[in-house]
Structure formats: C-alpha cells, structure tokens
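A.B. asks: Residue numbers (the working numbering), protein chains in the order written: chain Y, 1 to 256; chain A, 1 to 583; chain P, 1 to 386.
Where hints are given, some of them may not hold.
To be verified - Dumping the calculated BS3-like pairs for lysine-lysine here, alpha-carbon to alpha-carbon at most 25 Å:
#, chain 1, residue 1, chain 2, residue 2
1, A, K191, A, K222
2, A, K401, P, K308
3, A, K148, A, K79
4, P, K351, Y, K147
5, P, K144, A, K380
6, Y, K147, A, K380
7, Y, K220, Y, K199
8, A, K256, A, K222
9, A, K556, P, K144
Simulated from the structure, these hints should not be mistaken for lab results.
These numbers come from a predicted model, not from an experiment.
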Amino acid sequence: MSQKPFLLAAEGLTRSFDGFKAINDLNFYLDEGELRTVIGPNGAGKTTFLDLITGRTRPDEGTLLWDDGKHDLLKLNEYEIYRLGIGRKFQTPTVYNDHTVTENLVLSLAGLRGIWHSLFGKITPQQKDRIAEILGIIKLTDHANRKAGILAHGQKQWLEIGMLLAQEARLLLVDEPAAGMTDEETYRTGELLLSLAGKHTIVVIEHDMTFVRQISQGRKVTVLHQGHVLCEGPVDKVQSDERVIEVYLGRKSKAA
Amino acid sequence: MATSMHKLSARNSKNRLWLVLLIGCMLASLDTVKAQERTVRETVAAAAAASTPGEQREIILTLKAKPSPEAVKWLEKWKEGGIFLQKGEGDLVTPVLLTGDADRDGGYATLRVSDNSPLLGSDGKAIRINPKEVEFADTDSGLRRAMKEVSDLAALANPDTVKRIRAIQDSAIGQKQEKLPSLLLLKSIEKDPGALHALDEAIAIIQLRSPVVAERIGACTKLGEMSSIPASDTIKTILTEAVAAKDTATIIAAKKALIAIDAHISRINAVGTAFRGLSLGSVLLVVAIGLAITFGLMGIINMAHGELIAVGAYTTYVIQNIFATGLKLSPLGFSISIPGMGLSGSGLAMYFAVAIPASFIIAALVGVLLERSVIQFLYKRPLESLLATWGISLVLQQILKFIFGSNNVQVTSPAWLSGNWTVNDIVFGWNRVFVISFAVLIIVITWLVLNKTSLGLLIRAVMQNRNMAACMGIRTERVNTMTFAFGCGLAGLAGAFLSQIGNVGPQMGQLYIVDSFMTVVVGGVGNIMGTVISALGIGVADQTLQQYLGNPVIGKILVLGAIILFLQWRPAGLFVTRSRSLD
Amino acid sequence: MSNQPITSRVQLPSLILSAVFLVILMPLLNSFGLISDFTLGNWGKYLCYGILAISIDLLWGYTGLLCLGQALFFTLGGYMMGMHLMRVIGGAGVPTFLSMVGRTEWPSFFGPFSSFPFAIAMVILVPGLIAAIFGYLAFRSRIKGVYFSILTQALTYGAALLFFRNELLMGGNNGFTDFRTLLGFSLREMSTKRGLYIATAVLLVAVVAACKWLTNSRFGLIQRAIRDSENRVLFSGYATANFKLFIFVISAIIASLAGALFVPQVGIINPSEMETGKSLEAVVWVALGGRGTIVGPIAGAISVNVLKSWASSGATADFWPLMLGGAFVLVVLFMPKGIMGIPEQLQGLLKGIGRKKENTKDLSPSPILSDESDLLSSGSTPTGES
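Here chain Y stands alone, though its shape is the one from the complex:
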C-alpha cells in the first residue's frame, strides 16, 4: 500500500440487507488528490458504499477512517461527515426543485451551518463572486434565477456538481454523473471532473466505459463485485483481467 497518508480508509466493511450482503469485507484506500473511478456490475454495492461513507447507512462490521485516521466516520452523522468536507452527488439528480439555481448554490456555500447564521448571516461579496464563477463553470449563468425543477436532466446533474464546488469539498463522491446525458454533455462532464482533479479528491462511480477511459487516463480504477474489491489498477489492466471480463465486461451494459 501507499506510504502517503491516506484520506479515506475502509477496512473490512460489511453491510447486509435481509441476508443479502451488499458490501462484503470491503477494503478501500484513497489518497489525497486522487481521481478514482469505481466500476462494477449492477448490484456490486457501489451506491451502498457511498451510502456508508456519507453516513446514510451504517455497516454491520468494519472501520471507516478519514484524513489519516483523524476521524472515525462511523461515529458521525450525515451532516457532521459533510462538514469534514465530504460532498456527494446522488445518482438521480437531487437538487431543490422549488428553489432557484442561485438559491441551490447559496444553500451549499461553504461556511457556518447554524441557525443563528442562517437568520442573521450575510452573504459576502466574495461568496457572490464565487457563485457567479461556479455558474460559469457549470454553464447555468443564464438560468441563475430559474427554478431548478424546470432544468433539463443534464443541467440538474451539473447544478449538483456545482453545489459540490460551492461546498469546497475535499472529497467529491460522484455517483454516475453521465447517466441520462448526451455524448456531448458526457464529454464535457468528463472535462469538468478532470479540471477539478488535483484541487479535490474525487471518487467517480460509472458504468459508461468510454467515460471511464476519458477520465481515468491511466489513474487507478477499482472494480467492485458482490460488495468486494475484485481488482484495482489502470483501466487497460483492469479491462484485460479475466475475472473482470467474466463478471462485468462479459455482460457489459450501458444501462443507467
């Protein structure tokens, strides 16, 4: 394993639903600044793994440590985990439909999260500039005052990524960002994620192998199968691994 201090370390994670082991003795280490892609067939436990990291579900067994062991994520709840700098984009776009695009970003801005601040805190000019900048990055400047609910599917996906940016998260967990997007949009999403790599640590869960090739670029790819890490390595190596071909690529699907 890497000698560098790790950002996230999962060891022996197990989570079962009614006897079905969605995550089974999973070991996963992530370094600061990595852009890691996680692939695996349906039901491999990818989304459950994100649920475990973000505190949405709790494991039956195992440990989950953050920032070189400084924090035990299993002892924290959702918003505390978020406040450590772990942001998540959900599989189906989850934005506040009844709020405007700007309001969505305002709600995600890094900063104090208390009641007092929400009542009396003012939005600083720097924050306003940051929002404008993010709107530019996610190409929604023209839609700033429209309700998020009426955006197109792809735009919602981008808005959600924008919300992660506003949060200034250290770790971005991105669940199937290309789902439901056109090839053009998918490509631009890939570019966006690549431009963020380095500044943020990113974990991308994806089905679309073209997209995976675009963003991994020789970086490490993790293959999950039946809740367990099947193999790790660059995309070419992974794609030629016989076990992977058997369980995943052998019945490759682009289904969202």
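Given the coordinates of chain Y, assemble chains A and P onto it according to the supplied hints.
C.D. replies: Relative to the frame of chain Y, chains A and P by itself:
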C-alpha cells in the same frame, strides 16, 4: 371443562333424593320428632295457627327435617304476609291463601294452606275474604330466625350445585359455631369436589373462631394451604388478638396463612391483569387491523376509519331491528320504515350471525365509494390523504346523524355476554372471552385473505412495488380499490364487534382513532404481525399501569408517553420493513 | 435576499394597507358606531385564529411538518392567561372548580400567576418548553411526515385527557370562566374589548412581519429545502433536526400567544378547545387559504370563521359539518394551493388549453396538481379533469 362440570351435576342429581333424606333423618334425630307424618303445608298451617310464638317457632323448626325448596317457598309467603288467618269458632284458626280476583266487596276466594281446599262456611258455600278485614299471619324476630335456619339448611341441600356452593360459602359468614354440625354432616355425604372445597373452607373459617386454640391454629394452617381469600380478614383479626395475647403458635400459623393468601391474591391479580390486558389489546387489535391495511399497507392516513367502524356498528343495529320489530328512520324529514321479521328469542339472537358479514360488506362498499371518489387521487400524497379523509369523516358523521339521530342507539347484546367463568378465584368474563375470540377470528380472516387467496397475492405485490406490479400487467387500480375496501370492511367488522360491548353513536369512531393509529405505528407500518403484537402489548401495559395507579386516565396518558419514548428507540416501530430504497 | 419574488414586492403596499385597516381603522369605525361591538368582538376572535393559522403554516406550508398539536399550544396559552384572570378575580374563598375537589386554598402553582408579567412569561415558556422536549425527541429519532402528525395528535389527545380531569386543578371540563378584569380594566367594558382587539391586530401584524422576514432569510431557504427534500439538506451539512426544532418551538409560542389573547375576548377556556378536531379545523383554514404563503392562512381563517358564524346557527347548523368536510375534500383534491393558488391555477389552465391546441401529445403535468415535494410529485399526478 364445562362438559365435565355438567356430568358431575347430573350424577349428583341422582343422588339428591337420598342425600336430602339422609340429612333429614340425621337432623331429625337432633330435634324432637313430633310431626314426621305432616306434609310441609300441614306443618306451615299448624305453625301459623299455633297460639304462641314459642310454639310457632318449635313447629317451624321441625321443617329442618325436610329442608325442601317447597318449605322455603311457604316461609317466604308467610314473611311477605301472604297467609291469612280465618277465625272460626272458639280458638279455631284456619290459615288460608287468597286467590283469584276481588269481587265488588273486595273479597277473594280462599284456599286452605294445609291442603289447598277452599274454605267452606257453615252453609257449605265457599267463604270469600276481604284481606282488609282479617289478620294475616305475623312474624316476630325469633320466628324469622327459625325460618332462616330452615331456609339456610334448605339452601345447603339445594340440588343445584352452584347454588349449594354459594349457600355453603354464605354459611361461613359470621363464623357461627352452631352451623358447624350441619356443615360437617353435609361434608360426610357431599360428592361434588367444588362443593367439598367450599365446605372445607367454610368449616375452617368457622373454626377460626373455635374456642379450642388447637382447632383455631389448625384452621389457620388449612386456610393458608387453601389460599382462602374470604378468610383473610378474619385471620388478620385473629393475628391482632394473638399478638395481644402473646400466643406465639397462633401468630406463626396466622402469619404463614396470610403470606400464602397474599401470594395467591397477587397471582390472581397478575393473571387478571394479563387477561384484561389481553382483552383490551384484542379491542385495539380489532379496531386497528383495518387501519393496518389501509395505512400500513397502502399508506393512506384514513382519518375516516372511525366512521367506518360506526358504519359497521349501525349496520348491526339495523340488522337487529330487521330481525325484531322493524325500524323507523326519518333522515332530513323523509320517513323511512323498514319492516321487521318479528322474531324473538333464539331467532332474534341469530341476528349477529347476519350482522357480521353485513357490516363487513356495507363498510367495504362505503370504502369502494371513498376510494374511487377521493382516495385514488392521493396515493402519493399521504399528508393530504390525512386531511381529505378527515373531511370525509366529518361528512360521514353528519350523514349518520341525519339518518339515525345524534343520540346513541340501543344494540342489545346476548345475555350470556354478561356471565363469567371462575377458575381458581380468577374471574373470566364472557364478554372478554368474546372479545379475544373475535380478535383471533379477525386475525385468521386477515391472514387467510392476505396469504391464501389470489387477492392477497395481488395486494402484497402491489403494495411492495406499485410500478413493478403495473408493469407485470396487474390492474393496480382495481387492486387498490379492493385492498382499501378490505381494510374498510375490517373496520366495519370492528363496528359490529364494538356494538356488542360499547355504545353505538355517530361519534363512536372518534374514541378509537388515536388508539388505532398508535397501535399501527408502534407495530411498524406495513407489518400485520407487528400490529398484533403492539395491540396486545399496549393493552397489557395499559391494564398493568391501571392496576398499579388505580386510575385509567393517568394510565392512558402514561401509555401515550411511553409510546413516544418507544419510538425514540425504534422510530420505525417494532417490525421494520427493511429495504434498500430509503425515503 | 437579492432575488425576492416579484409578487412579494407587489404585495407589500396592500399588506401595509390591510394592517392599517385592521389595527387603526376597524377600532376607529367601532368607536364611531359604524361597526357594531359584536362584529368587532368576532373579528378579534378571527384574528386570533389567523395567528394560529400562521403558526400552522410556518410548520406545514414552509417546513413540511403537519403538526396536529397546534390547538394544544393555543389552549395552553389560553390556560396560562386564564390562570391569571382567575387569580385577579379577587373575592373571598376559592372558585368553585377548587372547592368542588375539596380545596379551600389556591394550589401553590397558582400563586405567581397573580402577576401579569409572570403569566405572559408562562404563556411563552410552557408551550415553548413542551414543544422543545417533544420536538427534541421526535426530530432526534427522525420522526417525520405522517408519523409526526399522528404523534402530535396523540400528544394533544393525552393532554386533553389530562385537562378534563378535575384533579389537575385546572377546572376539569368546565375550565375557567367568569373573568372580571385584566390589568385593572373591566372585561365587560367596550373600551377594554377594543383594547384587546387592537392588541390582537398588532400581534397579527407583528407575526406577519416576523414571518415575512424569517421566510425570506437564508433560514427560510433551508426551511423550504427541508420541506422539499430533507435528506438532501442533511447531505448539505445542515443539522435539520435543530432547524425543525427551532421552528417548532417558535410556532408553538406564536400559537400560545394567540390563545392567550383569545381567552379574555371570549371569556372562557376549557379542554374542548384542544380536542383533536380543533387542530384539524385550523389546518383546514390554512389549506383553504393557501399554505406556503403568509397571507393565505389568515384569509382562510377569517373566511372559514365568518362563514361558520353565519352557517353554524339556525336552520343550516346541521349542514355546517357537511360544508366544512366537503370543502376540505374539494380543496385537497382540486386546490392544493388554496385561494392563493387560484390565479396560478387559472394561468396554468389557460396555458394548458393553449398548448393542447398546438400539440396534443404534450402531456407535461399541469401545475395544478403538481406538488412542491420532489418525493411526492414523482410519477404521474392524477387530475380530476382527465
């Protein structure tokens, strides 16, 4: 159990005759054998005619030789002043009964007490007597005491086992030592185990007051072994006396006995509480099971659930009246008359058998109407289903008021519901037994429908995944309607059931609505078994708290508080329906 | 916020006009005899109900918490004020509700209630504290949606059972009545009644202003975000339980203040005010007026109650429950945004008709029935018109 008791009493009645005779002979040997050949009537007549109270008493006491119900009947008549004394020539007095209707002068026909023949005047004509003009046979306290001795003895010899046991138990009251001989005598010939137990207890209780110390101690020990509750007070008195007299042996015996009795009492209370809790839980279960379907399985917050219960109860009311003399209703000034079948007795009693399916069907039809008109639009808006159904409940209540009036209506429940069954000092009321059986019946019906019918299969499929079921060609709309109607039908059944044990009125449903929701929430939404266990649990908890606090309202409030705390521990109820899809 | 909805700017002048009308003009017209004392008294009641309706809307319309216990907080405020009013009646001995249960002296907890400031403090503290404890327990264990409604209903039910008992020494089912004075003014005097009316109107205006400010702050954004997708807010780093608890306590206090002003105006408080139906009735006002708006609930409360005092006496009395219940069903089915949503609905309807002419295949869900909640509006929304 019931059949074996029946057999026992049948066998005993065969032995009854010689038992009575035996008592008679043996008691007679104690008394003067003066009038063996007299019949009861003749004895009573002789006593009534006797000149002095002492003589009267003596004659009456001879009846102890034949302690028959007939004698009791005559003595009652005497005490009521029903025996009149027609004075003849000299000291001749003839006790007579008056019979028939009064004539113009207020006279009645007469019958001799001694032989039931009419009293004839010197002219050979029947004498008519005006009760205001003649004396009636009076009683004084001594005579009444004698009469009571006779009737007590008659009660002890009563062929009816239940009545005999009660007489035995009564005889112990007051611990009169003079009652011991007849009880001991009865014990020597009694066969019925229940009566024997009662005899032992009564004898021991009387012996508690025996002048012989050893006998008192023996009685204490015996009563302790029998865990006799009626003896408790007397033993306490004896204990106080013994402490004052520093009578160590009696103190020990009395204390031991009291400990045993107290243990028995708390056992009875525990079983009694559990039983009452079980029956309350069954009521909760019956009223909540329909909600467990509509709310638990379908997610519809049906605030009109209580009114569907009322619909079932009123259906029972209507059916009962159809079986009897019919029903006149005047909704909004229209007059509707429903003819009755004029049945009575066991024919009328059959109405409940019709009312059960009828209340299910009527409530289910109302459910279909509601589902099609309102609820089908609210499947994805649970909070709004709560509000809309509350509006419906207001409307239904008002409709019921229009049809049946705002007051409670009378639904008669079968007489046997007020009876009870006592085992080992624990009283099992038939109404509670009925409640529990009904709950079991409903659970079985629900389970069968959900698990053994194709409708049940469809219901479970649609409730688990509406979209998937629709994709597989299931007509989910129809299944929704059927499921909702089934839940409403169960509410109707609950109404038929509640009409037997509570009031029937337009607002009756409101009493149960909060309880029903709590039961389903605690049980875990979507889980029928959870509802069953939570209903029984809440019922037992409620009764236990009542037992300790002695106050039903505070008990109920505490239960509500406990439920809120319980949901801290298990926010999703007892049984969580786990799935990967949250929200 | 910089991007306030335009509508609220248009509304502002008319809001100020209404405030002036309610607070100044109505009592003035009354003192000139143009509005009868009876009418002014009724409007005092309606405005209390209006405040109660806002408190429900803050929870339901803005935060998605349908609380069926607001009648409890309203009544508790009323009881706190009632205790003060009973205490200042004066005279020898104790009132009947105490002598009835064998008390010859005031129970000790009544003592400090002879002070008006203490009573007001209790009006705020008691419901606030109960809401805080209950809310803490409920939100900590993430009880939400219908479960929250059912539990608040159970809380109210339990409290009503308690207050119906004479042993609580709060007057049992008769409650408190026969009040004489408030702060030394006779409650029978019209000037006192007018004063109470003005106090109610001022409180209403203050509550409206506070709610406007609250819902337009970033807190308001979070509030509505919790309503629409609580999990998302949790995953945006907000401790949603705290936010919900805060607004729950605030709205309990608002309801309690309304109750405290209600009692001296109607002259009686008893536990029937906290029966479960009362909370639901107040929810009807909010639903009818339009939840998620500030003005809607007040309009709903006033219009339903004006209608009620007209319809619930005389020949139509028996039909009132039918009207109320029926109206409620219709509002839920066809007007989810209430009176306030009618213009929007009409617009949508017109647009829908226009679009249908252009392209019959366009089946985008009409805005009439689409719910704000992303959880609830997924899938096709059945409409009455299809």
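A.B. asks: Please go over all the hints and tell whether each is borne out by the structure.
C.D. replies: Hints, one by one, checked against the model:
Our distance criterion of 25 Å between C-alpha atoms is met by K191 (chain A) and K222 (chain A), whose separation comes to about 20 Å. Simply put, K401 (chain A) and K308 (chain P) have alpha-carbon atoms about 19 Å apart, close enough for the 25 Å limit, and the pair holds. A C-alpha spacing of about 11 Å is found between K148 (chain A) and K79 (chain A), which places the hinted pair at or below 25 Å, so the restraint holds. The hinted pair formed by K351 (chain P) and K147 (chain Y) meets the criterion: a straight-line CA distance of about 19 Å does not exceed 25 Å.
Under the criterion of a C-alpha separation no larger than 25 Å, the hint pairing K144 (chain P) with K380 (chain A) is consistent with the structure, at around 16 Å. A threshold of 25 Å between alpha carbons decides the hint, and for K147 (chain Y) with K380 (chain A) the separation of about 23 Å falls inside it, so the pair holds. With a CA separation close to 17 Å, the supplied pair K220 (chain Y) and K199 (chain Y) stays within the 25 Å bound. Taking the CA atoms of K256 (chain A) and K222 (chain A), the gap is about 11 Å. The hint holds against a cut of 25 Å.
Between K556 (chain A) and K144 (chain P) the alpha-carbon distance is near 24 Å, which keeps this suggested pair within the 25 Å criterion.
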